[in-house]
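> Sequence:
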Amino acid sequence: MTADVLGLGGTSDWSGVRVVVAGFGVSGYAAADNLLFLGAQVTALDETTSEEKAEKAQLLETLGATVRLEPGATDVLPDGVDLVVTSPGWRPTAPLLAQAAERGVPVWGEVELAWRLRDPEHQAPWLAVTGTNGKTTTVQMLQSILTAAGLRAAAVGNVGLPIVEAVMDPEPYDVLAVELSSFQLHYTHSMSAESAVVLNVAEDHLDWYADEPGAPSGMDRYAADKARIYERVQRACVYNLADPATEAMVREADVVEGARAVGFTLGTPSSGDVGIVDDLLVDRAFIDDRASSAAELCTLADLASPAPHFVANALAAAALARAHGVSQQAVRDGLRAFRPDGHRIAHVAESQGVTWIDDSKATNPHAAQSSLGAFEHVVWVAGGLAKGARFDDLVLAARDRLRGVVLLGRDRAVIADALSRHAPDVPVIDVGADENGAPMERVVDAAAGLARSGDTVLLAPGCASMDMFLNYGARGDAFADAVHAHIARHDQT
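Reminder that position 133 of the sequence shown reads as 133 in the numbering used here, one-by-one numbering, no gaps.
For the record, the hints were derived by calculation from the structure and aren't laboratory data.
It is possible that some hints are incorrect.
[What the hints assert, rightly or not] Capping the alpha-carbon separation at 20 Å, the derived lysine to aspartate or glutamate pairs in DMTMM-like fashion look like this:
| hint | residue 1 | residue 2 |
| --- | --- | --- |
| 1 | Lys387 | Asp434 |
| 2 | Lys387 | Glu252 |
| 3 | Lys387 | Glu212 |
| 4 | Lys387 | Asp220 |
| 5 | Lys53 | Glu212 |
| 6 | Lys387 | Asp417 |
| 7 | Lys387 | Asp278 |
| 8 | Lys53 | Glu70 |
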């Protein structure tokens with residue numbers, strides 16, 4: 001007879017509860033470690049190992065866990081399991097998860113586990129953020145605002161601290177800024193965020209959401225997982241007025257009575273929304289006289305970037321903070337203090353009238369399109385792992401500003417095909433693919449040959465990086481290094 005885990009929480013007796021942790025990455029280790037602390041019998045399984053994983057495995061084994069890190073470790077679900085806590089990257093069709101479903105064993109993600117482990121006496125509210133693009137920036141902006149308000153806050157979930165670590169911290173947080181991917185939301189069943197936002201919805205991760213016979217399309221299932229963030233929201237469902245799909249999600253959500261819908265817009269906001277008036281970010285949602293007035297939050301000049309998608313992220317973060325009761329002053333101070341991580345519209349250099357920008361974090365077409373829209377004349381550097389995405393809409397939207405395109409990476413042909421259909425007159429240079437990243441020097445040389453004074457050379461690949469680089473950061477670093485080397489060579493001639 002297996003244990004009934006559905007009623008278990010952070011103050012429950014987990015002794016004798018048999019848990020399999022599927023995946024031994026950052027969140028998997030955090031889940032296993034904290035479940036051991038609670039007294040559960042933990043088995044952690046992963047198909048791969050590394051020096052870091054091996055060290056963590058040794059520590060958990062000392063504490064009583066069973067850890068298997070080897071090919072085939074996740075093929076079979078052990079007998080007598082009460083609960084599976086899965087890595088968010090695992091598809092439901094993975095053998096171990098499929099076997100759990102067949103046996104009726106509950107499958108939670110780390111986010112679901114964290115929600116259930118909250119201390120009843122110190123339940124820090126969750127301000128939750130998802131969307132195809134902008135999640136990390138928005139969550140980090142939100143954390144900056146909350147900190148400026150004097151609150152003990154953390155950016156957690158898909159960024160920063162594993163969320164289970166935050167809820168189990170002996171020193172309680174006042175509030176959590178929670179970034180959630182569609183994968184994480186897929187395995188989340190009971191979360192009730194204080195407020196939540198879906199920033200935007202566009203094609204991404206369609207390899208994970210592959211079309212299946214008799215099932216809704218992959219895009220529909222991806223959007224449905226995003227929409228789960230609004231379920232049981234307590235105060236405010238924040239949505240993007242420029243993206244009707246997000247408003248539809250709010251309309252269909254089953255929320256706590258009294259929760260409000262709040263839109264954000266780059267235009268003048270209506271009563272009940274936040275937006276822009278005369279270069280000011282203003283609030284017409286969380287003030288008493290919202291029908292006839294607006295509260296100034298900050299100016300566009302207070303932000304680290306005037307790019308439209310960056311401003312939209314700031315509005316979303318401000319709305320979540322205001323829903324939590326944060327003052328106008330704290331919103332302004334937090335947004336003024338915020339500086340984005342590297343590889344997000346990062347200025348690399350300027351030489352001979354050409355500006356070089358690294359937006360390697362633009363790992364899907366929607367993000368690349370937003371980035372391209374921030375510049376007038378662009379030499380676009382693109383390519384990598386497309387993850388099943390299409391580029392037709394991006395090319396149609398950006399073709400009039402393209403001076404030229406330089407392509408690299410495994411799936412560059414997908415972008416080349418879209419360019420040939422919709423922008424046949426735009427020059428395209430294909431530098432190929434090389435696992436050691438060497439083409440980046442050729443990329444920069446090619447881009448420099450296309451660019452004219454006043455142009456921007458923009459690395460906004462629209463694709464993931466792992467075909468040629470360790471991650472998007474390594475790709476951005478390689479680009480910046482190649483740019484600086486090119487400029488140095490040019491200055492010497």
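> If any of the earlier hints don't hold here, list their numbers in rising order.
2, 5 and 7
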